[in-house]
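Residue numbers (the UniProt record's numbering), protein chains in the order written: chain B, 1 to 279; chain Y, 1 to 279.
No wet-lab data here; the hints were simulated from the structure.
Be a bit skeptical, because a hint or two may be false.
Each pair may be met inside one copy or between any two copies, as identical chains are not told apart.
Unchecked claim - Quick list of in silico lysine to aspartate or glutamate cross-link-like pairs, EDC-like style, CA-CA up to 20 Å:
1. Lys227 x Asp240
2. Lys44 x Glu21
3. Lys99 x Glu260
4. Lys253 x Glu147
5. Lys148 x Asp73
6. Lys99 x Glu263
7. Lys212 x Glu201
8. Lys148 x Asp164
9. Lys99 x Asp73
10. Lys52 x Glu27
11. Lys227 x Glu100
12. Lys99 x Asp225
13. Lys212 x Glu27
14. Lys180 x Asp57
15. Lys253 x Glu21
There are 2 protein chains.
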Amino acid sequence: MLYLVGLGLADEKDITVKGLEAVRSSERVYLEAYTSLLLVGVEKLEDFYGKKITIADREAVESAADAILKDADHVNVSFLVVGDPYGATTHTDLVIRAKERGIPVQSIHNASILNAVGVCGLQLYNYGMAVSIPFFTETWRPDSFYEKIQTNRLNGLHTLCLLDIKVKEPTLESLARGRKIYEPPRFMTVNQAINQLLEVENGRGGKVYSDKTIGVGLARVGSLDAKIVVGTLGELSEVDFGAPLHSLIVPGKMHPLEVELVETFAINSTKFRENVQMV
Amino acid sequence: MLYLVGLGLADEKDITVKGLEAVRSSERVYLEAYTSLLLVGVEKLEDFYGKKITIADREAVESAADAILKDADHVNVSFLVVGDPYGATTHTDLVIRAKERGIPVQSIHNASILNAVGVCGLQLYNYGMAVSIPFFTETWRPDSFYEKIQTNRLNGLHTLCLLDIKVKEPTLESLARGRKIYEPPRFMTVNQAINQLLEVENGRGGKVYSDKTIGVGLARVGSLDAKIVVGTLGELSEVDFGAPLHSLIVPGKMHPLEVELVETFAINSTKFRENVQMV
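One chain only, chain B, in its complex shape:
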């Protein structure tokens, strides 16, 4: 059996009881570690699960599917994914290959940031499509998120912005030399995301949002140390959200019921009431 096991969002105890049983029954355990990460190190997971974990970075999952699936028709293999197995990315390729070989696949679901953001009080069925905000570079400043936020806002819908993370990315220089050297991991902050959003608005001028638009900044959702702050994008760009992972929501129009809970996280209630868009 190939188990795709969601780990949830924060630490080693966010795995489900079913997921833990699957891991403990497995001969080999892999951890997908390039689209997201937990707030604790892999040693914590190994101690708690009682299993050695092999880190599967992007290259390993793409090139070593054979090794991962080896013998999975008669022994259990667990492939661990932060959040839900189908949250941030689909491990489509691995699942399809398993199916082709007649290996049974069981998905053990868990929270992903896509539903856990409900904690801020914005109702999940009032979201439009989610967008990814990539780190801008000198020469690469992709801004397709702008039209998506626009479409959502025109329809009154909230937008969850998933902020870029870079784990084990080869430097461009090392790629040119043909021997990969990896950049240190980087995680986009709410502040960086807002700066990029406002830069694109300034360039495009579509009035989709401004520094007066209400936003919701979130950090370390699902942990005891979670931080949720509501304010204008201008206000939020000054807030220190601390350690990763961060997310940002650009709300559409809020229902009164949403306002009531969201307001409890506001930096400044008066300013919030002045700038919030209601249904």
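Add chain Y to chain B, keeping to what the hints say.
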């Protein structure tokens, strides 16, 4: 501490380890049981958690918030919710009341149907807003889902249809008599949902979808017994999905990567390829 604990989707072992510890540390444990339900009975939960559980139906949560929150500033109380605590509904009122009284609240997240549907291969960030399909009655046939599906499809986005459940609903007759008698629980099937969808299309004629449109029917997601079938709405309306809970997806335009996995669930690959809409 008030713990809002997500139970996940299928059975007693879908709780997270963190959630289980919270429940076992609690003096009182309530289960919200009117917006969704697990695929096992409450006795199974009580046995596994080692705790007596009080069922909180809609009336109890609305009228007995005081009883639920009693002493929660110095003892632990767990409020269990199927899926994620913020998935299908927000327990806004309870959280706000707790905050007003200075009771600390911790949310322990879990999978909800909103992210677990990723298992069918449609990527979660390609969904527009989710819709609810209510049971039609002779006199009440609300169809606001139609415009929402239309908006999503115009934007190429998938729509998750959450199908109605009726748990402990008083009969209209008994309400008129002033003494509540409850209807037996009912859960909308994929087939019923499709019939309602097609009825509304026939009445409106907006060509948002038809019986040739590809749909994804899902039942008991998250359990070993899960069933996922892909076919035209016409085909799916004939499929027996078995026991509740059911969900339906009306896809927008699929990416090639989505098609590859979705197709593995197709009743008829040729028909699927003929009718699927690609990006």
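Practice item. Could you tell me which of the numbered hints above are not met by this structure, giving the numbers in increasing order? Key: Hint check: 5, 13 and 15 fail, others pass.
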